[in-house]
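Given next are the chains, with one letter for each unit.
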Amino acid sequence: MLRAEAVSGDAGLVSRLHAGGFRARVHSVFQRVVNLECATTGRLYTLACAGVDNAPSTLVLDARTFGNSGVRPGARVECDGRTLVSESALAVSLARAKPWVATLPEWPSGDMPVLWLRELIDRCGTRGGIKRGPAPEPPYEAHLTRRIGDATSSLKAALQAGELSAAYEHGTRLIGLGRGLTPAGDDYLVGLSTICSVPGSPVGRLRPVMARLVRDSADRTNDISHAAMAHAIEGRVRESIAELVDAMARDDDAGMQRWGEQVIGIGATSGTDILAGMLAGLELSEAERN
Amino acid sequence: MPIRTLVKKNTYVDSVSLMTVSSRANELVGVHQAFAAMGTPMNKEVLRDLSLLTEDLEQADTGDLMLVIDTADAERSDGALEELEALLEHKRPAAGPHEETTYKTFSSAVAANAEANLAVISVNGAYAAREARQALEAGLHVLLFSDNVAIEDELALKRLAHDKGLLMMGPDCGTAIINGVALCFANAVRRGNIALAGASGTGSQEVSVRIDALGGGISQLIGTGGRDLSEEVGGLMMLDAMRALEADPDTAVVVLVSKPPAASVEAAMIAEAARMEKPVVVCFLGRSDAAPAPPGVTFTHTTDAAARAATRLAGASGDRPQPPEPDLAIAEAARTRLHREQRYIRGLFCGGTLCDEAMYLALERHADVYSNIQKDPDRRLAAQAPSRAHTFLDLGDDDFTNGRPHPMIDPSTRIARLRQEAEDPEVAVIAMDFILGYGSHDDPVGAMLPAIADARERAAARGRHLEILGYVLGTERDRPRIGEQIDKLREAGVSIAESSTHLGLLARELVAEGSA
Amino acid sequence: MSGGIGSLFSSSVNPVNVGLEMFADDMAAQGANVTRVEWSPPGGGRVEVIRALDALDQPDVAARIEAANREAVDRIVSARPMLVGFDRAIDVVPGMTKTTLLHSGPPIAWERMAGAMQGGVTGALVFEGLARDLDEAAELAASGDITFSPCHEHGCVGSMAGVTSASMFMHVVENRTHGNLAYTNLSEQMAKILRMGANDESVIARLNWMRDVLGPILSEAMRHAGEIDLRLLLSQALHMGDECHNRNTAGTALLVQALAPHILKTSFSTEDKVAVFDFIASSDYFSGPTWMVLCKAALDAAHGIEDSTVVTTMTRNGVEFGIRVSSQPSDRWFTGPAQEVVGPMFAGYKLEDKGLDIGDSAITETYGLGGFALACAPAIVPMVGGTVEQAVGYSRAMTEITTGENPNVTMPLLDFQGISTGIDVRKVAATNVLPVITTAIAHKDAGVGMIGAGITNPPVECFHQALVALESDIGSTPAPGRAGVA
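Residue numbers (this note's numbering), protein chains in the order written: chain A, 6 to 295; chain B, 52 to 567; chain C, 12 to 497.
Next comes chain A alone, as it looks inside the complex:
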């Protein structure tokens, strides 16, 4: 039995929970994250342990781990407005949850630090996703890397040239492509969508095609990954990504370093793949401006 307090959470989710009547089932269970599938809308919500950053549709608890709680996939989840419970495994008190909202800053008048981001990925990025693993790669990995590389460069070229139908085709080939729980292709699109969604972004005009791409792809990847893409294209990203964009917009060296590393730490290669997508977005923006 895990008893915990919600420390902070997505503002929309927090007010939904406080209103009472929330019903869901446990979708998946990890060491520090539990996903819930809402019984009425089918949307995914996330409970995260301390140390995981705020994110869309996510509630951050003061617990260390879900490891020994006994929370199991398929279990019922209910909330009466004050406490969220799941069978006899989980009881989360909502009284002190601070509402959090993802805010992307305005696009700066100066330049975004494209060089710095490229260098960060080169220097610190984790291999195995967009960034190829150490040679020699086994055949499957090698093939996968090639496909991802093809799709990302074609997508980027098409977007730069304004060929939106071609971009849509190439983007479709990225979805669900990759070995992780959130495949590398999906994470790349999260990064790219983020840059497109920054208010005043030079590539804001690409949002509609990205949104259509994400909307049409629900059956081409798993729920968890799809939810992240759907949020990102609406400008809803997790805290570390939002803070990174903010630091880049203000040219805050220390902040960029700190949040850049936080983002790299996401998942196995997800963080690096997201940054790769963001880099593509920044490069497209740069080209746009010139």
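Here are the simulated lysine to any residue pairs, SDA-like style, with alpha carbons at most 20 Å apart:
(1) Lys310/B with His352/B
(2) Lys95/B with His148/A
(3) Lys155/B with Glu32/C
Just so you know, these hints were derived from the structure itself, not from any lab.
Using the hints, position chains B and C against chain A.
This is chains B and C only, laid out in the frame that chain A set:
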């Protein structure tokens, strides 16, 4: 090329575990390749391209996990698939609403946790070798914090580890950082492309935080244990570490940190470093050999210089200018406030290597340098003996700790000694280190403040100014916060050194020339 | 071979922490998946124990031991003890004579016997007609004319004082799988009984009735029944809340259910049959000895396997605790002082009234029942003390010191894990985890009886001594190049 496949319906496994499973699976005997991926249309396309898409894989849904093994022969593939599945599912005894499972032995812990890959062992030295051997035989890498382990045992363990391709860090290894996880006494440093292989715990800590301060980052910090570079052990772990780091794609520069090794061992380390393609920075404190470095190898004599060389070679600071060499001007100012008879330095250190560094720096100018870790037996002091002339004490040495906790955790020995030194009219400067990070005291500075105030008062009562120097070893990410610790020291009138090297330089600068 | 180190660099760090807790805490705080070991020096830090463990740990030796232990567990698990009859000790027990008294525990001389056992001895001598009263019996016992021998060395087990004499009726159990036989006498059902050291007229009268009515009825009933599969009843009893050492409510119901139709068929009067049923109903303990003899039959079959370090006997006589190990000779006992039993006492009794741990009933724990199966019997907790959580914890903890589990006898609460089987001397020495035993407490003086129940352990010396003996018998000198212990 028999292919075995398995689809696990509605199975969500986090990416890190999937990666681990895939790499482990690829290492299974007889496996050409193995992988686990979600059943998305695109992943299936890739399989189709490679003619690996069987019918059951075709049926997989986006929420299903596909497991595929391609092996040398049919016999092996069944077993390999089972192992792959087992890697994914760890059978735990029904730990439901009842208490968390504790394990009484290393072997039962490992039997229940298939992904365990590193044993961190800190039991009494008498039993440590045994536990370490069990760990190695179970295929785990080892960090052996315990000391008082027989040298024959250390040799046997390191040979066993070498044969099995495993890390045998220790005995007497207090510091390591593997994949960004700080182990035992270590600091929260940035990840980057500089690797450290260190036979000195606090020396490794110091170089790592210097690198962090200069904008660089650490890929791996491998501790070898204090005796690795002795004649008998011959640098076994350091050699394996160098080879592993040479092969590590995330490492661009390697730094070796140690007190001076045995001569033959030093030669072997330098030869290996010269063979490496990656640049190597060698920091063997107190090394006196002036021979030029082979190409690709940089010799440095201080930890600060080592960190600067490494960050420069790694291109870590980018266009940013390197921070200036810390200046010694404050020493000049302070010197004027000292009486003529105040001629000596007293160093009270928690970190052995920090003590060493300050001591070697002092030895470059003065002959009458005493210590409990002095190599020269004529200048070696026992713990109970009072300080003489310039004295640098490693309070963490067995002689001082004597069954009590290490001074990094229990300040009482240093507090008592500080009082003693403050009474001595020949003392000009007292230098102290404050080590932050994992494993350290919650508030190292706070613990010493009353004693520091007391020391100044004692000196003042006798009409003396007592110069106290402090260096706080830590990063922005460590707890307690380094800024607060430094502020507290400043408020207490302590002069702040910016690195271990700076501390040593300032201390010797403060005492007049030719104070024999 | 940096391939190995390289693969650590590309996976996540999953540490096992052995030693200072603060290191584990710090690693967990960084998100690493830490496994904690609650370590203590093997053998309590004793050098000869560690040396023995190391000697037996050498790959070729260890491999032989593992194979032998698997064989031992195999035999224990595959044993099928069948109740085939009830008969007088003089007629069935090997080596029994009119002037032999068997007792529980390792060998012990009359003079050293605990009060409760001396009470049982004098009472038995009066019962057998060898002495007219208890005082004469005491003289006879000391005279040298009576042969004292452990139950265990005659294929028997006896609960508490375990005094077994010629005229007593015994369960006769045959291990169908391996062919060996085992025996034990009948429960006297009350608290003031011979096995607890009581020996007044009421005790003797009851023994007489058991000899003249109970025993013969059960004997004839079994001739009608043919045989009863005890292992089947045992696993049902565990599923119904018994641990089959101290709590035998379900087991007794199941056993009497199996015997009842056949008791009815016997030639005795209705009165006698009613008396038998009343007797059985008077105490839940009736099936206690039955499970003891089941365990004896299974464990005897596992004795005598070369290179095996599995414990085949745990037993006490109120003065000493003794164990026997499979690869050792069957008359080689490793002993240490019997321990205190900790638990609630009946009203009116004080701590100083307690006798020390006594009885062959620890054979049930040796098989995997009793303290090892506490997770099946939460209801026993008030009787032996502690909490339900602790009780379940004991069952879990015992997996650390055993070789395998018994798939035929399972514990529902622990996901139908089989009872822990094959106590390994090496594991007990290495972990410092001692087998847990639930047991009754007898008064230290003769003539009183049972005064409480609780939990106890063997003395660790037994295992250390056994380990050192095993080292010289099984272990060899260390291979060259292998460092010793610091």
